[in-house]
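Make a model of the complete structure from these sequences and hints.
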Amino acid sequence: MPPTPCARCHTSRALIIRPKNQEKLCKACFLTVFETEIHETIISNALFQRGERIAIGASGGKDSTVLASVLKTLNERHDYGLELVLLSIDEGIKGYRDDSLETVKRNAVQYDMKLEIVGYGELYGWTMDQVVEQIGKKGNCTYCGVFRRQALDRGAARLGITHVVTGHNADDVAETVLMKVLRGDLPRLSRTTSIVTSSAASDIKRSKPLKYAYEKEIVLYAHHKKLDYFSTECIYSPEAFRGSARTLIKNLERIRPSSILDVVKSGEDMAKLVPPEVTGTSCASAGAVSSADGAEEGAGGCGSANGRGSGGEMAHMEKRLVENEAAEGRETEITLPKSSTVSNGQSKQPSNAQQARPARMPRKLPQQTMRKCTRCGYLSSQDICKACTLLEGLNKNRPKMQVEIGLEDEEGSSTLRRQMEGIALAGA
Amino acid sequence: MTTDSQNAERTMGAAPVRLCKRCQEIEATTIMRTEPLCSNCFVEYIKKKVAKQLEAYRIKNASKNNRRRVLLPISFGVSSLSLLHVLDGHLQSQIRRTNRTGYELHVLHVNTSGVDADAPQIGRLEVLKEKYPRHTYSELTLEDVFDHANEYLETTLRDVNINIGDVAPPSSKHEKLVGLLSALPSPTSRADVVETLRNNLIIAFAKENDCQSITWGDSATRLAEKTISETAKGRGFSLPWQISGGESPYGLHVSHPLRDVLKKELVIFAENVDPPLTPLIHSRPAPTMTSAPAKSTTIDDLMGQYFASIEESFPSIVANVVRTTSKLRAPEVTEGQSRCDLCGLPLADSDASLGEGESSAQSLVQPEGNLCYGCARTTLGSRFTPHS
Numbered sequence: 022m023p024p025t026p027c028a029r030c031h032t033s034r035a036l037i038i039r040p041k042n043q044e045k046l047c048k049a050c051f052l053t054v055f056e057t058e059i060h061e062t063i064i065s066n067a068l069f070q071r072g073e074r075i076a077i078g079a080s081g082g083k084d085s086t087v088l089a090s091v092l093k094t095l096n097e098r099h100d101y102g103l104e105l106v107l108l109s110i111d112e113g114i115k116g117y118r119d120d121s122l123e124t125v126k127r128n129a130v131q132y133d134m135k136l137e138i139v140g141y142g143e144l145y146g147w148t149m150d151q152v153v154e155q156i157g158k159k160g161n162c163t164y165c166g167v168f169r170r171q172a173l174d175r176g177a178a179r180l181g182i183t184h185v186v187t188g189h190n191a192d193d194v195a196e197t198v199l200m201k202v203l204r205g206d207l208p209r210l211s212r213t214t215s216i217v218t219s220s221a222a223s224d225i226k227r228s229k230p231l232k233y234a235y236e237k238e239i240v241l242y243a244h245h246k247k248l249d250y251f252s253t254e255c256i257y258s259p260e261a262f263r264g265s266a267r268t269l270i271k272n273l274e275r276i277r278p279s280s281i282l283d284v285v286k287s288g289e290d291m292a293k294l295v296p297p298e299v300t301g302t303s304c305a306s307a308g309a310v311s312s313a314d315g316a317e318e319g320a321g322g323c324g325s326a327n328g329r330g331s332g333g334e335m336a337h338m339e340k341r342l343v344e345n346e347a348a349e350g351r352e353t354e355i356t357l358p359k360s361s362t363v364s365n366g367q368s369k370q371p372s373n374a375q376q377a378r379p380a381r382m383p384r385k386l387p388q389q390t391m392r393k394c395t396r397c398g399y400l401s402s403q404d405i406c407k408a409c410t411l412l413e414g415l416n417k418n419r420p421k422m423q424v425e426i427g428l429e430d431e432e433g434s435s436t437l438r439r440q441m442e443g444i445a446l447a448g449a
Numbered sequence: 011m012t013t014d015s016q017n018a019e020r021t022m023g024a025a026p027v028r029l030c031k032r033c034q035e036i037e038a039t040t041i042m043r044t045e046p047l048c049s050n051c052f053v054e055y056i057k058k059k060v061a062k063q064l065e066a067y068r069i070k071n072a073s074k075n076n077r078r079r080v081l082l083p084i085s086f087g088v089s090s091l092s093l094l095h096v097l098d099g100h101l102q103s104q105i106r107r108t109n110r111t112g113y114e115l116h117v118l119h120v121n122t123s124g125v126d127a128d129a130p131q132i133g134r135l136e137v138l139k140e141k142y143p144r145h146t147y148s149e150l151t152l153e154d155v156f157d158h159a160n161e162y163l164e165t166t167l168r169d170v171n172i173n174i175g176d177v178a179p180p181s182s183k184h185e186k187l188v189g190l191l192s193a194l195p196s197p198t199s200r201a202d203v204v205e206t207l208r209n210n211l212i213i214a215f216a217k218e219n220d221c222q223s224i225t226w227g228d229s230a231t232r233l234a235e236k237t238i239s240e241t242a243k244g245r246g247f248s249l250p251w252q253i254s255g256g257e258s259p260y261g262l263h264v265s266h267p268l269r270d271v272l273k274k275e276l277v278i279f280a281e282n283v284d285p286p287l288t289p290l291i292h293s294r295p296a297p298t299m300t301s302a303p304a305k306s307t308t309i310d311d312l313m314g315q316y317f318a319s320i321e322e323s324f325p326s327i328v329a330n331v332v333r334t335t336s337k338l339r340a341p342e343v344t345e346g347q348s349r350c351d352l353c354g355l356p357l358a359d360s361d362a363s364l365g366e367g368e369s370s371a372q373s374l375v376q377p378e379g380n381l382c383y384g385c386a387r388t389t390l391g392s393r394f395t396p397h398s
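Residue numbers (the numbering used here), protein chains in the order written: chain A, 22 to 449; chain B, 11 to 398.
No lab work stands behind these hints, which were simulated from the structure alone.
Warning: the hint list may mix true and false statements.
What the hints assert, rightly or not - If you want the footprint, here are the derived chain A segments under chain B, 3+ residues with CB under 8 Å:
| # | segment |
| --- | --- |
| 1 | 122-130 |
| 2 | 271-277 |
| 3 | 282-292 |
We treat Cβ as the ideally placed atom computed from N, Cα and C, and that holds for glycine.
Laid out in structure tokens, this is it:
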């Protein structure tokens with residue numbers, strides 16, 4: 022049988038079947054088409070401005086390495102006029118992050134980019150290894166996610182940069198959409214699906230140029246470009262919901278490869294259908310506003326691919342829901358005139374009747390107004406930001422906390438109090 | 011998934027010998043969420059739960075001169091049969107109490123045995139007619155969609171490369187349907203189009219028969235399945251219409267009275283009513299659970315398996331998915347808004363193109379018809395080949 026020719030150039034031999042649409046391509050055409058699609062995403066969403074300085078959230082993993090490589094290529098090819106910098110977070114996970122950071126250091130040389138590393142240890146006084154030692158392997162992803170979010174912002178601020186790009190790919194976005202549906206967490210769906218997220222009160226915006234790129238194609242690109250990346254997954258396993266959603270996405274992709282993009286599309290559409298009283302913000306439309314603290318979006322480089330969670334998180338939620346239900350049974354029902362919930366009631370008989378049905382008092386609707394954390398000055402919807410709340414819990418159980426001095430008002434890229442903790446720890 | 015369910019607390023399972031928590035008389039045979047119940051109290055509990063959703067069907071809400079007709083589509087699965095049983099009892103109690111009813115029930119079965127070897131055979135409605143004689147019964151075949159559905163159906167299909175008119179004459183409805191399905195690119199697309207056509211047919215039938223509303227037998231588990239399944243098929247935009255109920259863009263009222271009841275609870279319900287509904291239920295061969303889905307697996311199959319395992323260990327999570335999805339608000343539908351030529355749902359502006367990130371060059375076929383994203387996706391890559 023003669024070799025199949027590439028479906029695009031029709032001259033070279035096809036070596037790659039594109040995971041996204043089964044197109045048979047030669048290596049050169051695959052690399053070109055992959056880059057071109059990301060270029061189109063960047064242009065059609067007007068992600069960058071000429072002269073902008075961009076921090077690439079770099080973990081040394083395939084996604085961020087491909088992102089750095091492609092952005093460098095496109096920046097030169099299409100003359101974006103960007104200054105690209107690598108920004109890495111050192112979570113402090115031995116046997117994982119220390120090795121991957123070595124990769125990032127090599128990437129910095131290979132791509133001729135400046136590199137900034139921000140460590141959980143220096144920022145919070147806790148490395149992830151220490152967190153896990155304290156709280157166990159269950160639920161530690163929450164800590165990591167909350168810490169990472171803030172660490173990226175602080176790292177960017179340190180560099181004087183206001184735009185961070187992350188390596189979230191289409192699989193990550195689709196997975197998070199399913200996870201949010203499973204968790205019943207629709208209010209902030211738009212943060213997952215929008216390609217650009219920025220917060221009203223923060224100057225640092227995030228974007229995901231790989232939002233429409235398949236994980237499998239990212240791996241192929243890295244392989245054929247012979248990129249230097251670190252392929253070990255985080256040694257701490259992902260949470261059950263994410264693991265569950267990940268397995269679903271993998272199976273969906275097998276059944277119908279377009280499913281990944283279809284889930285992303287559904288997520289974008291559903292984000293527009295979340296009623297404003299549920300999001301707590303007035304402009305849910307473009308998904309431009311989202312609160313700055315929060316645990317999710319942690320997919321960037323965390324979690325093992327096999328999707329086996331402990332089930333602890335799901336069991337925990339199940340328990341909470343059962344308790345809520347039981348509590349509801351004991352409640353006296355308070356009826357209000359039906360607020361505008363679901364039906365856009367053209368009053369026909371049945372809907373009239375439905376409106377007569379007593380509407381349950383809505384559960385607390387989080388009204389989010391952004392302010393500064395009273396402890397560290399980071400943007401927060403509460404008096405104390407999520408990171409500081411988590412730290413408080415951690416610190417309570419740490420014996421040498423007498424070092425605490427009243428320096429709450431200190432502001433800056435990292436609080437003095439946290440630095441003190443870091444020093445105290447290093448000295449220990 | 012298996013590890014999750016093994017490790018997790020089981021809320022249902024081997025119950026220790028104890029009395030029913032409600033009547034305190036009979037030994038409990040099942041644990042309902044957290045309460046041990048005897049079979050009587052269990053059945054009553056489910057009926058009550060369903061009755062809560064039947065506000066719209068109460069007598070006081072019925073208009074005097076205009077008899078309200080409600081269409082109940084039956085698949086012979088445990089859920090729709092349970093709903094028929096509950097509604098029949100509901101009507102009987104209305105008659106007992108007031109000598110009149112708040113609605114009339116019209117039972118419809120759309121037979122798909124022409125294209126699905128595992129589907130119930132034609133004529134099974136007879137058994138139901140005998141058991142619940144009060145109601146009107148009709149049976150249609152999926153092929154009838156060519157008589158009842160919108161007149162554009164064949165034109166629409168031609169636009170997506172399915173020219174069923176090309177079937178060698180005389181092209182019967184059955185040949186058209188088989189031709190259409192064989193032209194679709196995957197088992198998922200075939201299952202999706204069968205669902206869409208069945209839905210079209212049911213809606214057309216409801217309108218032709220003066221039914222103002224359709225009551226679906228979907229359980230909470232099924233609605234949760236549908237939520238994720240439709241999301242995966244790119245139909246996220248349609249979820250408020252599919253899951254929430256109320257006024258539908260088709261001009262009919264839609265309800266899901268079983269929306270608070272899990273599938274596994276309905277299985278117990280069907281076994282415990284007297285006489286049991288079990289012999290009436292058409293059971294399909296159980297899909298085999300494998301770690302990797304087979305080529306013939308559809309997205310709906312996958313979600314069915316997934317939620318069957320979720321509802322075992324985490325029933326409240328299933329209920330929560332339905333509850334939160336129901337909070338999504340349907341977009342305003344204006345009078346002249348254009349509709350999808352296949353599923354009939356209103357089109358949003360963005361539906362014209364398939365997923366961003368897919369430039370036209372990457373799409374194998376660009377559908378030309380006026381289709382929503384989900385229908386464009388499902389028919390993408392269709393190729394009609396008249397069989398020799």
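**Prompt:** What are the numbers of the hints the structure violates, in ascending order?
**Reply:** The structure conflicts with hint 1 only, although it agrees with all the remaining ones.
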